[in-house]
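Chemist: Residues 0 to 166 (numbering that gives the first Met the number 0) are what the sequence shown spells out, left to right.
Rather than coming from a laboratory, the hints here were simulated on the basis of the structure. There's no promise every hint is true.
Said to hold, decoys possible - Computed Cβ-Cβ distance ranges for the label pairs, DEER-style:
(1) Y8 / V100: 45 to 55 Å
(2) V6 / F52: 18 to 28 Å
(3) M0 / L108: 18 to 28 Å
(4) K91 / M0: 19 to 29 Å
(5) S96 / L136: 25 to 35 Å
(6) M131 / A11: 37 to 47 Å
(7) F155 / V100: 37 to 47 Å
(8) V22 / V107: 17 to 27 Å
(9) A147 / L53: 13 to 23 Å
C-beta atoms are modelled at their ideal positions from N, C-alpha and C, and glycine is treated no differently.
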Amino acid sequence: MNIIEIVFYVFALIIIVSAMGVVFSHKLMYSAFSLLFTFFGVAGIYVLLNADFLAVVQIMIYVGGILVLIIFGIMLTTKVTDVESISGSTGKLIYLSSAIVSAILFLVLVYMFNTSNWNVYTTPYRETTLDMLGNALLTKYVLTFFMAAILLLVAFIGAAFIAKKGK
């Protein structure tokens, strides 16, 4: 077992434990912080796969945008009323049926994992994926890149115009 496999298992353990924290936590803020560790673990897996651009996008979009939005939503809605919890025989039936479905899904995934043909590629290590992405965007896909930039600029100007028009 080499260091890459150990780091992979550490990231996988972080992802699994923090995802269980998201699901089983009774407080929304604890779930949100567990989701933070889940997102960082997934970014770590991307780094191990030499997908550094996806790792940066994972951190910037999900941690920097989505998770901050979730935390602000939790902080701004402090008093939630009229929420009923499921209890009694209905709650037990729901928990039992979800446990059965989860166990069946787990068994199907274990079967697929054991019967799949896993090809291992020994490709040489690349420096970064940003070089290839930058060269592709500025040579082969330059028109698409500029059209996307113009579309985003128009959307930004329109949003600023609509926000200013309201005042």
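Chemist: All hints, please: hold or fail.
Modeler: Do the hints match the structure? See the list:
1. Y8 / V100: 45 to 55 Å: 27 Å, violated
2. V6 / F52: 18 to 28 Å: 19 Å, holds
3. M0 / L108: 18 to 28 Å: 23 Å, holds
4. K91 / M0: 19 to 29 Å: 43 Å, violated
5. S96 / L136: 25 to 35 Å: 48 Å, violated
6. M131 / A11: 37 to 47 Å: Cβ of M131 to Cβ of A11: about 27 Å, so the range 37 to 47 Å is violated.
7. F155 / V100: 37 to 47 Å: Given a distance of about 44 Å, which is inside 37 to 47 Å, the answer is holds.
8. V22 / V107: 17 to 27 Å: This hint holds: roughly 20 Å between Cβ atoms.
9. A147 / L53: 13 to 23 Å: For L53 against A147, whose Cβ atoms are near 18 Å apart, the range 13 to 23 Å holds.
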